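Full structure from sequences and hints, please.
As you go down the protein sequences, you meet chains A and F in turn. First residue of the first sequence: 136, per this note's numbering; consecutive thereafter. First residue of the second sequence: -6, per this note's numbering; consecutive thereafter.
These are calculated hints, taken from the structure and not from any lab test. These figures come from a predicted structure and were not determined experimentally. Heads up, the beta-carbon is just placed ideally off N, CA and C, and yes, glycines get one too. Some hints could be false.
As the list claims (entries may be wrong) - Simulated DEER-style distance windows between Cβ atoms: (1) F:Asn14 x A:Glu193: 25 to 33 Å; (2) F:Pro86 x A:Asn214: 32 to 40 Å; (3) F:Ser58 x A:Gly151: 44 to 52 Å.
What the hints assert, rightly or not - Short, incomplete list of chain A residues facing chain F, as computed with Cβ under 10 Å: (4) Asn214; (5) Leu218; (6) Glu239.
Said to hold, decoys possible - A few chain A residues that don't get close to chain F, going by computed Cβ distances all over 12 Å: (7) Thr142; (8) Pro143; (9) Met150; (10) Glu159; (11) Ser183; (12) Lys187; (13) Pro196; (14) Pro204; (15) Asp205.
Listed here are the chains, written in short residue letters.
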Amino acid sequence: DTAVSQTPKYLVTQMGNDKSIKCEQNLGHDTMYWYKQDSKKFLKIMFSYNNKELIINETVPNRFSPKSPDKAHLNLHINSLELGDSAVYFCASSQDPGGPLVDEQFFGPGTRLTVL
Amino acid sequence: GQSLEQPSEVTAVEGAIVQINCTYQTSGFYGLSWYQQHDGGAPTFLSYNALDGLEETGRFSSFLSRSDSYGYLLLQELQMKDSASYFCAVRPPYNTDKLIFGTGTRLQVFP
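Right under this line is the structure:
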């Protein structure tokens, strides 16, 4: 049983297109995240949702719009894709919002986005 | 703000011991975590230090010294499968659900 799953695993698209990445967790966690990992492997948080409510938005361009239909799902929609959006995007989840268990985050397998 | 610096690369041979350092500049945080990431894989949680001192989990140990703004991950009896990138991370007190990751250290274990 996969704890945190993402689809698709690979995404290759042209500049200017709109694309979505889906994420689901079956751990019963209240908090979900999106991270971006660039070509130098630097891992940076983009968004955090707690029980469907946006908690963190790390000055991400508004072309990126997360959506959480329920606390087990957090999708990421990206409009007008740019070359600089090429990266690996990881979804993650954790329990105990605001508590010590938040530090143990469970990551999905990642989506490698390539913008041509 | 927070910044966590790590050596970019460390190499060692099987069976050896290696220490991966994490030095930070931050106004405060709840604790220091370590994550492992194999090439093409996802980061996975290794350990967490809420207090100063050493935490041991099998072959891996993690250390924190808040007074020295320093922590490290110690890997003993290295195995080939330990070749991966290792990240330290902190959670700042003003935003309790956010992890800030270090620059990452790529460990290569040779036979």
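Hints, one by one, checked against the model:
| no. | hint | in the structure |
| --- | --- | --- |
| 1 | F:Asn14 x A:Glu193: 25 to 33 Å | holds, 26 Å |
| 2 | F:Pro86 x A:Asn214: 32 to 40 Å | holds, 34 Å |
| 3 | F:Ser58 x A:Gly151: 44 to 52 Å | holds, 50 Å |
| 4 | Asn214 | violated, 24 Å |
| 5 | Leu218 | violated, 22 Å |
| 6 | Glu239 | holds, 5 Å |
| 7 | Thr142 | holds, 14 Å |
| 8 | Pro143 | holds, 15 Å |
| 9 | Met150 | holds, 25 Å |
| 10 | Glu159 | holds, 14 Å |
| 11 | Ser183 | violated, 5 Å |
| 12 | Lys187 | holds, 14 Å |
| 13 | Pro196 | holds, 18 Å |
| 14 | Pro204 | holds, 20 Å |
| 15 | Asp205 | holds, 18 Å |
In the structure shown, a violation is registered for the earlier hints numbered 4, 5, 11, in ascending order.
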